[in-house]
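Asks: In order, the protein sequences belong to chains A and B. Going by our numbering, the first sequence opens with residue 53, and the numbers climb by one from there. Going by our numbering, the second sequence opens with residue 22, and the numbers climb by one from there.
Just so you know, not all the hints are guaranteed correct.
Using 20 Å as the maximum straight-line C-alpha spacing, the simulated EDC-like pairs for lysine to aspartate or glutamate come out as follows [unchecked claim]: (1) Lys185/A - Glu171/A; (2) Lys292/A - Asp325/A; (3) Lys105/A - Glu81/A; (4) Lys123/A - Glu60/A; (5) Lys283/A - Asp345/A; (6) Lys208/A - Glu140/B; (7) Lys279/A - Glu171/A; (8) Lys388/A - Asp325/A; (9) Lys105/A - Glu137/B; (10) Lys105/A - Glu64/B; (11) Lys279/A - Asp325/A; (12) Lys185/A - Glu28/B.
Just a sample of chain B residues kept apart from chain A, beta carbon distances all over 10 Å, derived [to be verified]: (13) Val138; (14) Glu140; (15) Cys144; (16) Leu147; (17) Ile156; (18) Ile165.
Because the hints were derived from the structure by calculation, they are not lab data. Even for Gly, the Cβ is constructed at its ideal location relative to N, Cα and C.
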Amino acid sequence: MTDSAGLEVNLVDDGNIPLDARISCQPGELLALVGPSGSGKSTILRTIAGLNKPRKGLIHCNGDTWLDTDKGVDVSTRQRRVGMVFQNYALFPHLSARDNIIEGLGHVAPAERSRRAEELLTLVHLSGLGMRKPAALSGGQQQRVAVARALARDPKVLLLDEPFSAVDQATRQRLYRELVELRQQFGMPMVLVTHDLDEAAMLADRLCILRHGRTLQSGQPFDVLAKPTNKQVARLVDQKNIFQGTIINHDEALGVTTISWGEFTLQAPHQPDFKIGKVIDWLIPASHVAVGDDENVVAGVIAGMVRLGDLVTISVTIKEASSHPLFMSLSVREAKQRDLKAGEIISVSLIGDGIHLMEP
Amino acid sequence: MNWMALELSLKLAAWTTVLLLPIGILAGRFLAWRTFRGKIFIEAGLALPLVLPPTVLGFYMLVAFSAGSPFGQFYESLVGRSLAFSFDGLVVASVIFNLPFAIQPMQRAFEGISTEVREAAACCGLSRARILWRIELPLAWPGILSALVLTFAHTIGEFGIVLMVGGNIPGETQTIAIAIYDRVQIFDNASAGLMSVVLLLISMVAISATYLSASFVGRRHD
């Protein structure tokens with residue numbers, strides 16, 4: 053494992069925040085650790101930086117061993133060459149933006165430091181503001197100083213701990229774009245901790261879903277969000293339509309797996325790993341539920357309608373199949389055109405492409 | 022005006038302050054960031070001089086300094102003179118008596134530095150010495166300064182413990198506070214008044230300096 057470039061982390065701890073985590077991140081890759089508060093995502097990041105000591109663990113980065121509890125290896129934070137952006141940036145309040153960056157340039161010859169600091173300031177769009185103290189900078193500017201300071205170290209891994217949580221929405225969008233730009237210029241592994249799924253899906257190459265310190269699933273954002281391995285992950289990635297069904301048939305030629313759901317039968321994409329007769333969990337994203345009778349038609353009663361911005365979320369009770377309602381999203385316009393009202397009977401189509409089967 | 026006593030007081034205050042600077046930084050920093058069993062008792066012990074009558078503390082120190090005690094014997098064998106009724110003894114007593122005045126403000130100042138800032142310094146790869154010099158000391162400076170000024174002013178004004186440990190030997194242990202008492206005893210109110218005014222001014226200047234520097238440093242980060 054020491055030969056591999058990139059970051060390999062394997063941690064076990066039964067302390068206050070229990071850990072049983074295994075993550076890896078390739079050079080140039082951005083891995084997002086996602087999970088609710090208390091899921092251990094920040095703890096993992098802090099452990100990579102050496103700020104948290106797990107009971108058992110292995111951390112290899114770019115060929116170096118930073119932690120190997122079995123062999124008694126534990127490289128100190130200051131020797132790990134990590135670039136860390138803290139949630140509240142943790143800038144040195146008494147030093148100017150430029151001097152904050154210079155503190156990260158200890159490995160550069162003293163005569164070069166000023167020039168390098170100016171380069172980094174330009175890189176994060178702060179040239180001309182280098183003499184300002186952190187308190188005289190906006191939240192977004194402070195975040196940029198923190199990123200520049202982290203990069204100053206010429207780090208082997210860049211660690212970002214909820215770096216967008218302390219700024220307003222408009223600034224956040226701009227900082228997202230800047231991070232994407234920066235990624236093109238740096239090739240080290242990057243680990244982003246966030247509780248915002250949309251943010252993670254937008255920025256990361258891979259997501260890793262965590263709960264109670266355990267890594268539940270990792271993969272490309274689309275796969276994790278639309279194809280969670282089980283109900284637990286599905287709930288964490290905010291899937292609302294999770295139900296139980298039974299496998300009835302696989303038809304390889306048509307590329308279809310048929311399942312029963314209460315009194316209904318539904319056709320899903322071919323997923324032959326599940327044996328016929330097996331009870332499984334399945335999900336369908338709210339975006340794949342439509343009004344009408346095109347395919348996989350089920351009928352129910354509209355239980356409630358909630359408008360959020362341009363979308364209306366409708367819950368439909370299908371008492372022949374489930375005690376939980378089925379959720380669907382429509383545009384406000386479509387809901388008006390169809391004159392949908394609570395209490396009415398409605399036919400909905402479950403678009404087969406979106407049906408995903410999971411181990412119970 | 023007893024210039025000799027004033028000079029002695031200033032000398033005593035300067036030595037006490039200089040010795041308590043490193044002690045206060047080390048102890049304050051340690052107590053600010055470490056948790057261990059019995060910490061509360063150590064903190065209570067360090068705060069004891071705040072509530073203990075100076076005569077009581079002075080009495081125990083006089084006993085400890087005497088030629089009969091192991092500490093007194095050790096010092097005498099080392100330096101060749103006794104701690105009791107000497108300037109050296111005054112300095113030792115004064116350092117101990119001023120521990121809370123030095124350590125507590127410094128401890129609060131170090132506690133005020135956020136953990137994340139210290140962690141960020143480590144992530145920047147700074148050595149311990151550089152973290153102390155570049156990050157911790159500048160951020161804790163207002164607290165350190167006010168600790169030093171408090172210690173200095175408090176030492177100049179100290180009476181009970183000086184009288185107990187040092188007695189009233191002109192040029193050796195007679196500080197300005199003792200000299201004032203001495204003058205009043207022989208109804209020389211004019212001298213006592215003059216020396217009191219000098220003491221009042223020094224205290225006033227010292228306290229004002231701390232408040233000024235605190236507000237200056239407070240603005241510095243904006």
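Asks: Against the structure shown, which of the earlier numbered hints fail to hold, in ascending order?
Replies: Hints 2, 3, 5, 7, 8, 10, 12, 13, 14, 15, 16 and 17 not satisfied by this model.
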